[in-house]
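Asker: Protein sequence lines correspond, in order, to chains A and B. Each number in the working numbering comes from the position in the first sequence (counting from 1) with 23 added on. Each number in the working numbering comes from the position in the second sequence (counting from 1) with 148 added on.
Please note that a few of the clues may not be correct.
Unchecked claim - Partial chain A-side listing against chain B, Cβ under 8 angstroms, derived:
no., residue
1, Val76
2, Gly131
3, Thr206
4, Arg236
5, Thr256
6, Phe260
7, Thr262
I should point out that these hints are in silico values taken from the structure, not numbers from a laboratory. Ideal Cβ positions, reconstructed from N, Cα and C, are used throughout, including at glycine.
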Amino acid sequence: MNYSIETENLSLWYGDFQALIDVNVKITDGQITSLIGPSGCGKTTLLRCFNRVNERYGNVTTKGKIEILGKNIYDADVSLPELRKAVGMVFQRPNPLPISVYENILFGLRIHSPVRNITRTESDQIVEEALTSVFLWKDLKDKLKVRATSLQLEQQQKLCIARLLPLKPKIILMDEPCSALDTKGTLAVEELMEALAGTYTFLIVTHNMAQARRVSKECIYMFLGELIEHRETQALFETPEHPKTADYVQMRYG
Amino acid sequence: MNALMTRPESRKKIALQGIAFIMVGAAFIFLWNDLKKTATAHIQTSSVSRISGTLPSLLSDLNLILPISLMAVLFGVACAFYLEEWLPATSWVRRFIESPVDFLIEIPSLLYGLLAITIFFNYAGIFKEIGTPPLQNVNESGLDVIPFQRNTTIFYAEALIFILMVTPVALKTTQEALRSVATPIRESAYVLGANQWQVLAKQVVPLAFPRILSGACRAMSRAFAAAALLIGIHISDHTTGPRGIPDRFMLFLGGALLLSTISSFLKESRLETSPTVTARHDSL
């Protein structure tokens, strides 16, 4: 079994507050893994370690080792743009850039290859491929010049996934991708994730346990910065090993 | 985009702004002609009357305010970008600057005028030359009628006051504008691998630009509002000039002001109804 993300004794502090305590986790390649747990337990923090966006806050200290695709991302020779190219991220609220749909999808490519000129036919093809794989091409093919921020929220969120694809990432991190969407939108995004799993490794933070059960193969339960249990989803929900997990998944807590 | 541009009210707005622009231009052309006429009249009669009209002071203020406040606004905007985007969030410089800036913004512009008089006049003593009678070097050339000739020390004093007055407003409003672009929105470009400059250019500035611009306008208007005070400071600097303000200039300038006010109302009503903008607010 291949692992795309491996951490070793990962600890993280925001100032004096320790948000992650000795987290050891192995994320399996090419499938959907979900992170569940009560608010403030470090799910999002863990997720944000994997593409090093946490560092943007000045007072963060990280210790331990994170290997992504076999490379420690805290090594000195790691280039952040390359890392973020390989590890895409989708946020809670859809946040497309305030430019056209077409340019949103090409944005990643343009910043990674500023010198290379992408010909019109090439870019048309890239946009069509990306939109087709998120099932948006039919809806948006006549709206490519529309400002992305004026689309429906569901379409915006799908677009946020689509714009990662031209960069050919290996891992896609999702931080509660459906919390701003209605049932229909949630369902659409989940279907999309299932369709794309295999090609990409998904790591999804969710508060919605039904969703975690529906979409993910493996599930991780976290509590107050510690990783409590990491097992196959069905096993974790039906026969939790740890009493804390049992409390949470059987809704006695959280 | 195209659909928005062809909305009737926005077409009206563009037309009104165009007319306002032309009227301002016309006003300045008339003013220039009037000034030239007055200057010529003075040369011909070679008699100088000691009348302190408003116009010379007003114009010399404009002459001062425009470049200085433009520079001060740019400086303030640049400072805000540095403070917000480059300094780490925990830096003490940010906290250190915050309260003086707030303080300077809240001071009414009248007090800046008093400050100018008190500090620069009484203590620094750099206004000493004001006392010399300006009549001596007027008669030969008659050039002194054109009010752009300045006493340089006063120029520097005023420039300092203006920088003190305009920069904090520009700084604060730009800071607010940059903060209005929420962190998750910025990060959408960061997680695609963009560097700081790319995020600024493609994401933050386009979203914050309207607010930065209106902040800059507010800062400039503060400078213009204080112009009247400065007339008091250097009233003895210009003793000659045309009597009163040429009527045509005022008429056209007033008309332009009215039109631009109307057009700004039109713009607001368009903002309220535009689906693009509401959708964007929603997504923020």
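Asker: Take the hints in turn and mark each one as holding or not.
Answerer: Taking the hints in turn, this is what the structure says about them:
Below 8 angstroms, beta-carbon pairs count as interface contacts, and Val76 (chain A) has one with chain B at about 6 angstroms; its hint therefore holds. At about 4 angstroms, the closest approach between the beta carbon of Gly131 (chain A) and any beta carbon in chain B falls short of 8 angstroms, and the interface hint on this residue holds. Checking Thr206 (chain A) against chain B by beta carbon gives a least distance of about 18 angstroms; that is not within 8 angstroms, so the hint is violated. Nearest Cβ of chain B to the Cβ of Arg236 (chain A): about 27 angstroms, over the 8 angstroms cut. The hint is violated.
A cut of 8 angstroms between beta carbons decides the hint on Thr256 (chain A): the least distance to chain B is about 26 angstroms, and the hint is violated. About 30 angstroms separates the beta-carbon of Phe260 (chain A) from the nearest beta-carbon of chain B, more than 8 angstroms, and the hint is not met. Interface hint at Thr262 (chain A): violated, since its Cβ lies 36 angstroms from the closest Cβ of chain B, which is beyond the 8 angstroms cut-off.
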